[in-house]
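Student: Chains D and H, in that order, are what the protein sequence lines are. Position in the first sequence counted from 1, then plus 5, gives you the numbering used here. Position in the second sequence counted from 1, then plus 5, gives you the numbering used here.
Among the clues, some could well be false.
Since the list gives no way to pick one copy over another, a pair counts as held whenever it fits inside one copy or between any two copies.
To be verified - List of simulated lysine-lysine pairs, DSBU-like, C-alpha gap at most 35 Å:
(1) K266 - K167
(2) K97 - K119
(3) K11 - K65
(4) K319 - K60
(5) K11 - K319
(6) K91 - K266
(7) K97 - K328
(8) K33 - K319
(9) K50 - K65
(10) K119 - K11
(11) K65 - K119
(12) K117 - K91
(13) K92 - K117
(14) K50 - K91
(15) K170 - K92
(16) K97 - K260
(17) K11 - K266
(18) K260 - K92
(19) K167 - K50
Honestly, the hints are just simulated from the structure, not real lab data.
There are 2 protein chains.
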Amino acid sequence: MAVYTKIDDDALRAFLAQYDVGELLSYKGIAEGVQNTNYLVRTSKNQFILTLYEKLVDEKDLPFFLGLMEHLATHDISCPLPVHDKKGNVLKVLGGRPAVMVTFLDGFSISKPKRHHCADLGAALAGIHLAGQDFKISRANTLGLEGWQEILDRPELRIMDKEIKPGLFAIIETELAFLRENWPQDLPSGVVHADLFPDNVFFLGDHLSGLIDFYFACNDFFAYDLAICLNAWCFENDLSFNMTNARALLSAYEKTRPLNKDELAALPLLARGAAMRFLMTRVNDWISTPEDALVSRHDPIEYLRKLRFHQQIKSVNEYGFEK
Amino acid sequence: MAVYTKIDDDALRAFLAQYDVGELLSYKGIAEGVQNTNYLVRTSKNQFILTLYEKLVDEKDLPFFLGLMEHLATHDISCPLPVHDKKGNVLKVLGGRPAVMVTFLDGFSISKPKRHHCADLGAALAGIHLAGQDFKISRANTLGLEGWQEILDRPELRIMDKEIKPGLFAIIETELAFLRENWPQDLPSGVVHADLFPDNVFFLGDHLSGLIDFYFACNDFFAYDLAICLNAWCFENDLSFNMTNARALLSAYEKTRPLNKDELAALPLLARGAAMRFLMTRVNDWISTPEDALVSRHDPIEYLRKLRFHQQIKSVNEYGFEK
Chain D
6 MAVYTKIDDD ALRAFLAQYD VGELLSYKGI AEGVQNTNYL VRTSKNQFIL TLYEKLVDEK
66 DLPFFLGLME HLATHDISCP LPVHDKKGNV LKVLGGRPAV MVTFLDGFSI SKPKRHHCAD
126 LGAALAGIHL AGQDFKISRA NTLGLEGWQE ILDRPELRIM DKEIKPGLFA IIETELAFLR
186 ENWPQDLPSG VVHADLFPDN VFFLGDHLSG LIDFYFACND FFAYDLAICL NAWCFENDLS
246 FNMTNARALL SAYEKTRPLN KDELAALPLL ARGAAMRFLM TRVNDWISTP EDALVSRHDP
306 IEYLRKLRFH QQIKSVNEYG FEK
Chain H
6 MAVYTKIDDD ALRAFLAQYD VGELLSYKGI AEGVQNTNYL VRTSKNQFIL TLYEKLVDEK
66 DLPFFLGLME HLATHDISCP LPVHDKKGNV LKVLGGRPAV MVTFLDGFSI SKPKRHHCAD
126 LGAALAGIHL AGQDFKISRA NTLGLEGWQE ILDRPELRIM DKEIKPGLFA IIETELAFLR
186 ENWPQDLPSG VVHADLFPDN VFFLGDHLSG LIDFYFACND FFAYDLAICL NAWCFENDLS
246 FNMTNARALL SAYEKTRPLN KDELAALPLL ARGAAMRFLM TRVNDWISTP EDALVSRHDP
306 IEYLRKLRFH QQIKSVNEYG FEK
């Protein structure tokens, strides 16, 4: 959420001259995304987001992320379209960083999602899953079961009981063992967004206008992606579960891509896993980010409470969804 | 250079509904200005900068700053025009902060100013000085001689010799005494920008397109404002003096607002004062900003070297300017 790499006007104009995008009119560093430097660039032809990838993004994953955005954008998904330069290249270098220009999407994030937002989201998520089916590159989910265990094994995280909540380490250890024991082996899978929080979904005039930030996308169970959205969109600020939102999300998803019996049965478990995924990264960030840093830390306890909620769920019907 | 106050979509839409600016299309927190929160807001009618004033700006100065921008913008100076809401108000509240919307200016800052940029700058600066003459509010310069002394008197700055440069405190003390002894009493004065660095001047297609950031504006000698620009625009990165730029700046200024004999004679001294002003605030910021803060600290030594340069100057002719 800051501009890490400064680009001066000469460098930017030389960079833009390699594209067929017209003359530079203005550019502003924007506070979008935590991991990268982003500029909103206006030219005489259009508006773009220029992203410089900072060290947190693994360069070898960029062809997957960029190829996926281009694949989806050309398959009727409203997401940023990477712009090709005059030689046809998408991935370039600027300010010593891998750099990409994508088209600008109108719209803005919704802070308090309602039923109709969740319905739009469900349809869009199923749309990604279907459109991604003939995408040729794949990428393993580094933040799956093994990834959670790796985070837990970091010696510096041992202070979580003291820093965050007494007994947290044991709770996580027990839950991780349960998830490893019960994780499904064989559900419909393909490309998932894996981070489709309200921040990453734009609306315009109450309709979904765009999906952004594909930098956690990977191959995994489709229903796991839905479970991530269930956690991110269907709890109130006080962490009560909003069944109206959940029903809208699941029903709209189902209409575009029907869920099979195994997926429906696995959903409560996948939701526990999805809660674990964000609990783990938030615990990790909480301990490694200084309290006074300008980057805001997300509360890990929020995801512990979501995990607790799903532990009580016996079947998908309890989310308000019946097939 | 960060978004300090987060505004959600509901709050922003309710805020925009008080104006006649159309529907919200998008908004992004931008990294513009060090002191305030700024959003670039696109609506169906136009683009705006929405500024929330953080604690560093004194609220009682806002009517001066905003009135000045409106006065200048309506007197043919290309600067942001504060937008009135439907009731005619400019200064409002959003997210618990004083908040103002201004028009968006195309253009971008030049990192390596050339002769023609300095000529445009000189004309624009003189234009501000003339246009400001019938502006009715005034504001004392809090960063003048007395302000520099106040900063020097802060006990915590005593570590500057150790933290920045051995002997720096005595150099500043001696120079301050000299400036106090010799500071002119009676030069043409009025509203000055007082911070017209390249960051605050936009160009488009090699012509000046806008002036921004009036939050240091105050009443002072016009020639002092010119001296600030001389320091900010007429030194190379290696701190060699660029006489071509200086000549262009001074000549273009002179064409719009002729400098009298006293102003010309005082310019080297005013340039020492202008160097002192930024030396003092940079020393202060250097010592009070942690090394690892995301806000970048400006090197104080740059302005010590500029001060040293002007100490050797006997007359304005040595800047390359002859009248």
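Student: Could you run down the list of hints and mark each one as holding or not?
Tutor: Okay, the hints, checked on the actual structure:
no.	hint	result
1	K266 - K167	neither (42 Å within a copy, 71 Å between copies)
2	K97 - K119	between (39 Å within a copy, 29 Å between copies)
3	K11 - K65	both (23 Å within a copy, 33 Å between copies)
4	K319 - K60	neither (42 Å within a copy, 51 Å between copies)
5	K11 - K319	neither (51 Å within a copy, 38 Å between copies)
6	K91 - K266	neither (49 Å within a copy, 56 Å between copies)
7	K97 - K328	neither (47 Å within a copy, 51 Å between copies)
8	K33 - K319	neither (49 Å within a copy, 42 Å between copies)
9	K50 - K65	within (31 Å within a copy, 42 Å between copies)
10	K119 - K11	between (38 Å within a copy, 21 Å between copies)
11	K65 - K119	neither (38 Å within a copy, 41 Å between copies)
12	K117 - K91	between (42 Å within a copy, 27 Å between copies)
13	K92 - K117	between (43 Å within a copy, 29 Å between copies)
14	K50 - K91	both (15 Å within a copy, 33 Å between copies)
15	K170 - K92	neither (54 Å within a copy, 50 Å between copies)
16	K97 - K260	neither (40 Å within a copy, 46 Å between copies)
17	K11 - K266	neither (51 Å within a copy, 42 Å between copies)
18	K260 - K92	neither (41 Å within a copy, 47 Å between copies)
19	K167 - K50	neither (55 Å within a copy, 52 Å between copies)
When held up to the earlier numbered hints, the structure conflicts with 1, 4, 5, 6, 7, 8, 11, 15, 16, 17, 18 and 19 and fits the remainder.
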